[in-house]
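A.B. asks: Chain by chain, the residues:
Protein chains: 2
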Amino acid sequence: MSATETEYLTQLGQRAKAASFILANLTAKQKTALLTTIADHLTLHKNEILQANAQDVAAAKQNGLTDAMVDRLMLDEGRLGGIIADIDNVISLADPIGKDAESRILDNGLRLTRRSVPLGVVGVIYEARPNVTVDIAVLALKTGNAVILRGGKETLTSNKVLSEVIREALTSLDLPKDAVQLIDSPDRSLVSGLLRLDKYVDMIIPRGGQHLQRLCAEQSSIPVILGGIGICHLYVDKQADLMRAIEVIANAKVQRPTVCNALDTLLVHQDVAADFIPNIASHLHSLGVRFHACVNSFHYLEGLGFDVTPAHDESFSTEWLSLTLGIKVVNNIDEAVGHIRQYSTGHSEAILTDNINTASEFMNQVDSAAVYVNASTRFTDGSQFGLGAEVAVSTQKLHARGPMGLDALTTYKWLAWGDYTSRQ
Amino acid sequence: MSATETEYLTQLGQRAKAASFILANLTAKQKTALLTTIADHLTLHKNEILQANAQDVAAAKQNGLTDAMVDRLMLDEGRLGGIIADIDNVISLADPIGKDAESRILDNGLRLTRRSVPLGVVGVIYEARPNVTVDIAVLALKTGNAVILRGGKETLTSNKVLSEVIREALTSLDLPKDAVQLIDSPDRSLVSGLLRLDKYVDMIIPRGGQHLQRLCAEQSSIPVILGGIGICHLYVDKQADLMRAIEVIANAKVQRPTVCNALDTLLVHQDVAADFIPNIASHLHSLGVRFHACVNSFHYLEGLGFDVTPAHDESFSTEWLSLTLGIKVVNNIDEAVGHIRQYSTGHSEAILTDNINTASEFMNQVDSAAVYVNASTRFTDGSQFGLGAEVAVSTQKLHARGPMGLDALTTYKWLAWGDYTSRQ
Chain A
1 MSATETEYLT
11 QLGQRAKAAS
21 FILANLTAKQ
31 KTALLTTIAD
41 HLTLHKNEIL
51 QANAQDVAAA
61 KQNGLTDAMV
71 DRLMLDEGRL
81 GGIIADIDNV
91 ISLADPIGKD
101 AESRILDNGL
111 RLTRRSVPLG
121 VVGVIYEARP
131 NVTVDIAVLA
141 LKTGNAVILR
151 GGKETLTSNK
161 VLSEVIREAL
171 TSLDLPKDAV
181 QLIDSPDRSL
191 VSGLLRLDKY
201 VDMIIPRGGQ
211 HLQRLCAEQS
221 SIPVILGGIG
231 ICHLYVDKQA
241 DLMRAIEVIA
251 NAKVQRPTVC
261 NALDTLLVHQ
271 DVAADFIPNI
281 ASHLHSLGVR
291 FHACVNSFHY
301 LEGLGFDVTP
311 AHDESFSTEW
321 LSLTLGIKVV
331 NNIDEAVGHI
341 RQYSTGHSEA
351 ILTDNINTAS
361 EFMNQVDSAA
371 VYVNASTRFT
381 DGSQFGLGAE
391 VAVSTQKLHA
401 RGPMGLDALT
411 TYKWLAWGDY
421 TSRQ
Chain B
1 MSATETEYLT
11 QLGQRAKAAS
21 FILANLTAKQ
31 KTALLTTIAD
41 HLTLHKNEIL
51 QANAQDVAAA
61 KQNGLTDAMV
71 DRLMLDEGRL
81 GGIIADIDNV
91 ISLADPIGKD
101 AESRILDNGL
111 RLTRRSVPLG
121 VVGVIYEARP
131 NVTVDIAVLA
141 LKTGNAVILR
151 GGKETLTSNK
161 VLSEVIREAL
171 TSLDLPKDAV
181 QLIDSPDRSL
191 VSGLLRLDKY
201 VDMIIPRGGQ
211 HLQRLCAEQS
221 SIPVILGGIG
231 ICHLYVDKQA
241 DLMRAIEVIA
251 NAKVQRPTVC
261 NALDTLLVHQ
271 DVAADFIPNI
281 ASHLHSLGVR
291 FHACVNSFHY
301 LEGLGFDVTP
311 AHDESFSTEW
321 LSLTLGIKVV
331 NNIDEAVGHI
341 RQYSTGHSEA
351 ILTDNINTAS
361 EFMNQVDSAA
371 VYVNASTRFT
381 DGSQFGLGAE
391 VAVSTQKLHA
401 RGPMGLDALT
411 TYKWLAWGDY
421 TSRQ
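Protein chains in written order, with the UniProt record's numbering: chain A, 1 to 424; chain B, 1 to 424.
Honestly, the hints are just simulated from the structure, not real lab data.
Just to be clear, a hint being listed does not mean it is correct.
Since the list gives no way to pick out one identical chain from another, each pair is judged satisfied if it fits inside one copy or across any two copies.
Stated by the list, open to error - Derived EDC-like pairs: lysine to aspartate or glutamate, alpha-carbon spacing no greater than 16 Å straight-line:
1. Lys413 - Glu361
2. Lys413 - Asp40
3. Lys160 - Asp184
4. Lys61 - Asp187
5. Lys413 - Asp381
6. Lys238 - Asp354
7. Lys17 - Glu164
Work the whole structure out from these sequences, hints included.
C.D. replies: What follows is the structure in C-alpha cells.
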C-alpha cells in the first residue's frame with residue numbers, strides 16, 4: 001500500500017471513530033429521526049440515484065458482465081422504492097442499545113451492570129449490490145455505529161451517490177456525516193489496508209464469496225465475522241417419511257438455488273436408497289436439477305434419463321449456488337455425520353426422520369449454525385428466524401452464529417458505581 | 001514452518017477436533033466426575049509434578065531469570081494444593097452448556113431454540129506459569145471444549161507432567177486424552193502455526209504481554225480474544241471528595257501494581273490540581289510510588305522530595321505494571337475523556353466525582369470494558385464481578401468484553417423442529 005493510501009485510510013478511520021462517539025449516545029428517537037430523514041432524502045434524490053446506477057449498468061454491460069450480475073446491480077424505481085420501504089422496517093425494530101443486564105450489588109459493595117452499547121466502527125466489504133450500501137448503513141446507524149463501506153467496483157458510481165445522499169441526511173440533522181463513509185476508489189490494496197485499521201475499526205463483515213472470506217480471515221487484524229458460505233446437507237434417514245421427504249428436499253434445493261442456505265448435498269441411508277433415490281431424482285429432474293452422484297447412487301440413477309455425473313471429491317466440497325445437487329449413499333447416521341463434519345461450512349444441515357433418537361443424535365453431533373429436524377435448510381435467515389433484520393449469516397462461532405440481527409452490531413460495557421470504594 | 005511441524009500441528013488439530021465432539025455431549029455429572037478425577041490424579045502425582053517443576057526452577061536460575069520470574073513459575077506443596085483446591089471451585093459452578101434460549105414457535109411453523117454449546121477447540125498461549133496449564137484445561141473441560149496448550153518454554157518440563165497427569169485422568173474415565181494436548185516443543189514457529197490452524201481451532205486466547213497480543217492479532221486466521229493489557233486511568237473531577245479520593249487512588253495504584261487493572265495514569269481537573277496533586281503524591285510517595293508528571297503537575301511536584309520525572313509521550317502509553325504513575329492536569333472532563341480515548345487500551349477507567357451529571361457523562365463517553373464511578377479500577381476481575389471463574393479479561397468488543405467467565409467458552413447453535421416443513 002502506498003503512503004497516500006495509508007494516509008487516506010487512516011483519515012477515514014479517524015473520522016469514523018470520532019463520529020462513532022457521537023452516534024453512540026443518540027437516543028432511539030434521534031435515530032428514528034435520522035433513518036426517516038435518510039428515507040426522505042433517498043426519495044428526494046431518486047432520479048440522481050437511478051441515473052448514476054444507469055451508468056454502472058451501461059459500464060457493466062460494456063464490460064461483458066453476465067446478465068445475472070447486471071441484474072443484481074441494477075436499480076429501477078420499484079427496487080429503489082423497496083430499499084426505501086425497508087428503512088421503515090428497520091425503524092420499527094426495538095433499539096438494542098442502552099439495555100442493562102446482570103445488574104446487581106456485588107459483595108464488594110459495587111453496583112454493577114452490563115450495558116449494551118454500539119460496537120463503534122464497522123467495516124463492511126461487499127459485492128456489486130447497491131441495495132447493501134443503504135441496508136448496511138441503516139442497520140449500522142440504527143445501532144449507533146459508524147460504518148466504512150467498501151462495495152463492489154461495478155457499482156461505485158451508484159454507491160457514491162447513495163452514500164452522499166445518506167451523508168447529506170446526517171448533515172441536515174447536525175450529525176457527523178462521517179458516520180457513513182465509502183471507500184471511493186476501486187483499488188484492491190485498500191481492502192487489505194482496511195483489514196489492518198484495527199486502531200479505528202472494531203469489526204469487519206465481509207459479505208461476499210469464499211475468496212473474500214478467506215482473504216479477511218487471513219489478513220485482518222480486526223475481528224471478522226465470516227459467513228454466508230453454505231455447503232448445506234440434508235440426510236434422509238431410513239425411518240424418514242419418504243413421500244413427504246420429496247417436497248422438503250425439493251424446497252431446500254430449488255426454491256432459491258442461488259443462496260447460501262440452499263441444499264448442496266443429499267445424504268441417503270443405504271436401506272432406503274434403492275427406492276428413494278430414483279424417486280427424488282425424478283422429481284428434482286422435472287424441476288431442472290442435475291446430479292453429482294457417488295458410486296452407489298450413480299448405480300441407481302444411470303440410464304434413467306437424468307443429468308447425472310459421477311461425483312469426484314470436489315462434488316462434495318462445492319457450494320453449488322445452482323440447480324446441481326450432490327447425492328451420496330451412507331451406511332448409517334454416523335457416516336452421515338462424519339461426511340457433514342468433513343465437508344460442511346457450518347451453515348445449515350437437516351435430517352429427515354421419524355425416529356426421535358436419531359433426530360436427537362443428529363442435533364447433538366452436527367456442529368453447524370442451524371440444525372433442522374424434518375424441515376428445509378432454507379429457513380436459515382434473519383427474517384424467517386424473526387430477527388427483524390439480517391446483518392449477515394455467521395458461520396463462525398464467536399460473537400454471533402447463524403442469522404445476525406441488530407444485537408450482533410452491539411457489544412457491552414461493564415459499569416460500576418461505588419462510594420469511594422477500594423478493593424480489599 | 002517445516003513440513004514436519006505442519007504435520008505435527010495438523011495432527012494435533014485433528015485429534016483435538018475429534019475429541020471435542022465427544023466432550024461436547026458429556027453431561028454435567030460426567031464433567032464433574034472428570035474434574036474430580038483430575039484433582040485426584042494431580043494429588044496422586046504431586047511428587048512427580050514438584051520434581052519436574054524443580055528442574056524448571058533450576059534451569060531458570062541457571063539461565064539468569066529474574067527472581068520475580070522464577071517465583072512465578074515455581075510450585076511448592078502449598079501452591080500445588082491451591083491449584084488443586086481451585087478445581088473444586090470450578091466443579092461447583094453451574095454448567096453453562098445445553099441451555100435453551102429464545103425458544104419459540106416461528107410464524108413459518110418451526111419450533112426454534114438457541115442452545116448453548118461448547119466452542120469446540122480452544123488454543124491458549126501463555127507465559128511461564130504452570131498453574132495456567134491446569135486452570136485453563138479445567139475451565140475448557142468444564143465447558144466441554146478440547147484445548148491445545150502452549151505454555152512458556154521455561155515451564156515446559158512442569159507442563160509436560162501436568163498435562164500428562166490430566167490426560168491420564170481422561171483415559172481412566174474412557175474419555176479421549178486428546179481433549180488436552182500440550183505443544184511440547186519450545187519452537188516459536190509452532191505458535192505461528194497454531195494461529196493458522198483455523199480448520200480445527202475455534203478460538204485463540206493469548207494470555208501474555210503486548211508483543212504476544214499483537215502477534216496473535218496480526219497473524220491469526222482464528223478468532224482471537226485480545227486482552228489483559230490495561231493502561232488504566234482515573235480522573236479526579238473538581239467535584240470529587242478529595243479526602244476520600246486519596247484512599248481509592250492508592251488502592252488502584254499500589255494494592256497490586258503488577259496486574260492489568262492497576263492504575264497507570266491519574267488525570268486531575270485543573271481547578272483542584274494545585275491542592276490535590278501534592279497531597280495525593282505525598283501519600284503515594286510514602287507507599288513507594290514514582291511519578292511521570294505532565295508540565296503542569298510537575299510544577300506542583302518538583303522540589304517536594306518526590307521521585308518525579310517530566311512526562312514524555314510514552315509516559316502515557318505505557319502499562320507500568322510497577323509503582324510508577326503518570327499524572328496529568330486536564331482542563332475539564334472533555335480533555336480527560338479525550339486523553340483516555342487516545343491512550344487507553346480499553347480495559348478499566350474510573351472517575352471520582354460527586355456530580356451525577358459528570359459521572360453519567362464519563363460513563364457514556366468512555367468506551368472501555370469497565371467504567372467506574374467512585375471506585376478503584378482494581379475491581380475488573382472475574383471473581384470480583386461474581387463470575388466464579390476467569391478465563392481472561394477481554395479488551396476487545398466481540399464475543400466477550402471485560403472479565404470472561406465460563407460463558408465466554410461457549411457458543412450456541414440454532415435448532416429447529418418441523419413437520420416436513422418447507423419454506424413458503
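A.B. asks: State for each hint whether it applies.
C.D. replies: Comparing the hints with the structure gives:
Taking the shortest Cα distances, Lys413 and Glu361 sit within 16 Å of each other only across copies (15 Å), while inside one copy they are farther apart (38 Å). Within a single copy, Lys413 and Asp40 get their C-alpha atoms no closer than 34 Å, and across copies no closer than 39 Å, so neither meets the 16 Å cut-off. Proximity of Lys160 and Asp184 under a CA criterion of 16 Å is satisfied intra-copy only: 7 Å inside one chain copy versus 54 Å between copies. In this assembly of identical chains, Lys61 and Asp187 lie within 16 Å of each other by CA distance neither inside one copy nor across copies; the values are 21 Å within and 54 Å between.
In this assembly of identical chains, the alpha carbons of Lys413 and Asp381 lie at most 16 Å apart only when taken from different copies (14 Å versus 29 Å within one copy). Taking the closest pair of Cα atoms, Lys238 and Asp354 come within 16 Å of each other only inside a single copy of the chain (9 Å); across copies the shortest separation is 71 Å, beyond that limit. In this homomeric assembly, Lys17 and Glu164 never come within 16 Å of each other (Cα to Cα): the closest approach is 19 Å inside a single copy and 48 Å across copies.
Hint check: violations occur at hints 2, 4, 7; the rest are consistent with the structure.
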